[in-house]
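So the sequence lines, in the order shown, correspond to chains A and B. Residues 1 to 178 (this note's numbering) make up the first sequence, in order. Residues 1001 to 1161 (this note's numbering) make up the second sequence, in order.
Please note that the accuracy of each hint is not assured.
As the list claims (entries may be wrong) - In silico BS3-like cross-links for lysine-lysine, where the CA-CA straight-line distance does not exceed 30 Å: (1) B/Lys1149 / A/Lys102; (2) B/Lys1041 / A/Lys40; (3) A/Lys110 / A/Lys93.
To be verified - Far from chain A, some chain B residues (derived; all Cβ distances over 12 Å): (4) Ile1005; (5) Ala1034; (6) Arg1044; (7) Asp1054; (8) Asn1057; (9) Asp1059; (10) Gln1070; (11) Gly1090; (12) Val1093; (13) Ala1111; (14) Gly1119; (15) Ala1124; (16) Pro1134; (17) Leu1147; (18) Asp1153.
These are calculated hints, taken from the structure and not from any lab test. No residue lacks a Cβ here, since even glycine has one placed at the ideal position from N, Cα and C.
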Amino acid sequence: MRKSLYALPVLLFLIVAGYFAVPLFSGRDPHELPSAMIDKPLPAFDLPALAGGANISNASLLGRVVVINFFASWCVPCKVEHPVLMRLATKEKLPLIGIAYKDEPAASQKELTNGGDPYLQVAIDRKGLTGLDFGVYGVPETYVVDKSGHIRKRFVGPLNAETVERELLPLLRELNRS
Amino acid sequence: MKALIAGLGLLLALAVPALAVEPNERLADPVLEARAREISKGLRCLVCQNESIDESNADLAKDVRLVLRQRLLAGASDAQAMQYIVDRYGTFVLMSPPVEPATYVLWFGPAVVLLLAVGGVGMAVRRSRLAVAPMPPPLDAAEQARLAKLLHDSDQPESAA
């Protein structure tokens, strides 16, 4: 009994060291925050469409699985993400809804005309208040929404081929089955 | 010289920290504005993550400050206005983390470690007390004389070296 007590500090040290080592070696960016919106319904929004015509609202997206992508023409990481989105739109036929976050509509339009438009629809969030309701804290951010309009997943920062293959596509397959 | 020091002192006294809150953000009602400032100090800017939105110049911090003020203008209580932001960004926006199961280790961990340490030290002290050998018998005359000689010798400077 006494002898085993000597192991206690070592044990404590290992627990603390493990506690720090796991996040350190998991390769996860500590600035990426968990979303408070997971499994909650989409926040209410009603935004003008970049293409004109009817507004895009949370209600208009109900009944299908959609991927909502916040982007801006002024956002550099979005340019990194853009080819990934283009491939998803053309090859995987991904139902991408763009929300232009705090961007001049003319600038967003120019960006999509020049670089290619991966979105089914683009909504204009001129003041970023819809972004705030989603809990966006930097563009790009991507939200996966199920058929009942609940947010199931958030990706912070640009999507890359690896996260798409490993997380996004399997989740979409699962949501489309249900 | 005195005037110079006094002048510098005055300048220092007049210096105020630069404020992130821009004049056009402020509410006309000073009471509401004071409440907004107080709440802002407790909310984290998610872009800089170690600054409150009251101190941060980030765009997002400004947006949150404005939304917070809108809530207060709409008649929300301090707690309601704060909850509005927490609903969107999670408890991470609170500069002081709430006491909930996920943060028990954070809040109570140090106290547990302290208790363990105090317990450990207490046990070690108790054990060393028990382990102290009984006092040896007093020196006899011969030993006394030898001790006195040794002590006397060590007083001599040459033998000290």
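For each hint given before, does the structure comply? Return the numbers of the non-compliant ones in rising order.
1, 6, 9, 10, 11, 12, 14, 15
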